[in-house]
Amino acid sequence: MKKRSVLVGLLVLCMLILGGCGEKEKFDKAHAEVMQLMKQAVAVKAENVKVRTNKDFTYNAEDLQKQDEAIAAAEQKNQEIMDQVNAKLKEMEEYAESDSSLAPQLESIKTAVEQREKQWQQGIAERKSIANMLKQAVPAGPPSNPWKDVSKFKDQ
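In the working numbering, the protein residues as written are 192 to 347.
Because the hints were derived from the structure by calculation, they are not lab data. Any given hint could be a false lead.
Unchecked claim - Below, in silico cross-link-like pairs of lysine to aspartate or glutamate (EDC-like), each with a Cα-Cα straight-line distance of 16 Å or less:
{"#": "1", "residue 1": "LYS281", "residue 2": "ASP219"}
{"#": "2", "residue 1": "LYS236", "residue 2": "GLU288"}
{"#": "3", "residue 1": "LYS281", "residue 2": "GLU305"}
{"#": "4", "residue 1": "LYS319", "residue 2": "GLU266"}
{"#": "5", "residue 1": "LYS309", "residue 2": "ASP274"}
Please put together the full structure from these sequences, using the hints given.
Below, the structure is given as structure tokens:
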């Protein structure tokens, strides 16, 4: 009976040791998924929607509305992708806790993701400010004659 309990104990110990193995492979798989998601995030751009102008250089309200919608859609899509990336990073943290050799690699991945997100936020903020300036722009009308009011010989 004693031999049997020792054998079962050794078997349980071996299972626990083997259960911790493979963290590197899981980490690498999650890393590949993060890189794929980051490629998708880079593809999300609001700059593709340009504001058209008419012949007289006035801005069309419909085009400005489309631009706002494109910016909002790009923000939403980016947020969805970043939520997935953050979930993968949390998963990778668990693997890094099990295998301490993965921690430096995880930190470099997190830094790269944070830098990319910071750049994206700066770009979208710039795009929003351009859109707001276009909304506030006064449409240009035909040029007026500056001499009309000061001329001695007014139209009679």
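The hints, checked one at a time:
no.	hint	verdict
1	LYS281 with ASP219	14 Å, holds
2	LYS236 with GLU288	35 Å, violated
3	LYS281 with GLU305	14 Å, holds
4	LYS319 with GLU266	11 Å, holds
5	LYS309 with ASP274	15 Å, holds
Taken one by one, the earlier hints fail for this structure only at number 2.
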